[in-house]
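Residue numbers (the numbering used here), protein chains in the order written: chain A, 82 to 199; chain B, 965 to 1079.
No lab work stands behind these hints: they were computed from the structure.
Please note that a few of the clues may not be correct.
Straight-line Cα separation of at most 16 Å, EDC-like style, residue types lysine to aspartate or glutamate; simulated pairs [said to hold, decoys possible]:
no.	chain 1	residue 1	chain 2	residue 2
1	A	LYS84	A	GLU98
2	A	LYS84	A	ASP110
3	A	LYS151	A	GLU125
4	B	LYS1021	A	GLU177
5	B	LYS973	A	GLU125
6	A	LYS154	A	GLU125
Just so we're clear, the structure is a prediction, and the values are computed from it rather than from any experiment.
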Amino acid sequence: AQKITQTQPGMFVQEKEAVTLDCTYDTSDPSYGLFWYKQPSSGEMIFLIYQGSYDQQNATEGRYSLNFQKARKSANLVISASQLGDSAMYFCAMREIIITNTGNQFYFGTGTSLTVIP
Amino acid sequence: DSGVTQTPKHLITATGQRVTLRCSPRSGDLSVYWYQQSLDQGLQFLIHYYNGEERAKGNILERFSAQQFPDLHSELNLSSLELGDSALYFCASSVGFSGESYEQYFGPGTRLTVT
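Given these sequences and hints, build the entire structure.
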């Protein structure tokens, strides 16, 4: 089974509107972390937001928020007030801590290409 | 600029050859991670080093190896290269590795083309 699933290969949003990018994950570990990254056409990977499995509140970072539904194993990214510069690939990722707590294993989804329309 | 440097930026080589990719983490970061991003496999975690020691392995082929040196820079060695090894190779660093949230800082990547 896929550890991280992003079911939206491509999304379009009107400038200044909000958009939700979907992410579901699969793990049996009680402790894990969920990340979202942005990859513009220039290729660099930019960290956006983090949610820990024990965090009670949804993470927020400026215009980014993470809608964390633990029971459903989903960690959707919400971008509010979209800007043209938000056009990029967005990756959801999960960190599992190796059982001996000596290292981390990361899994990435296949990404969602977001296009912001003026 | 994330503070993570990777060299070279581009690399073109032939099948069967061996190459070394280099990564310098951000100042103060002890963890280094290597990733491979290809069109058909997406972004794959390869290996994690912490303070010179290997801590976790992902989908890393036996033809690939890595190490982290005492000055914390890391090298990824790819040998007996095949066409399918053509990809963007990222290095990322972070302060630590366990428990609390932390941010991974990605380098600009090395674009490897095997012909």
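Outcome of the hint check:
no.: 1; hint: A/LYS84 x A/GLU98; result: violated (30 Å)
no.: 2; hint: A/LYS84 x A/ASP110; result: holds (12 Å)
no.: 3; hint: A/LYS151 x A/GLU125; result: violated (29 Å)
no.: 4; hint: B/LYS1021 x A/GLU177; result: holds (12 Å)
no.: 5; hint: B/LYS973 x A/GLU125; result: holds (12 Å)
no.: 6; hint: A/LYS154 x A/GLU125; result: violated (28 Å)
In summary, the numbered hints that this structure violates are 1, 3, 6.
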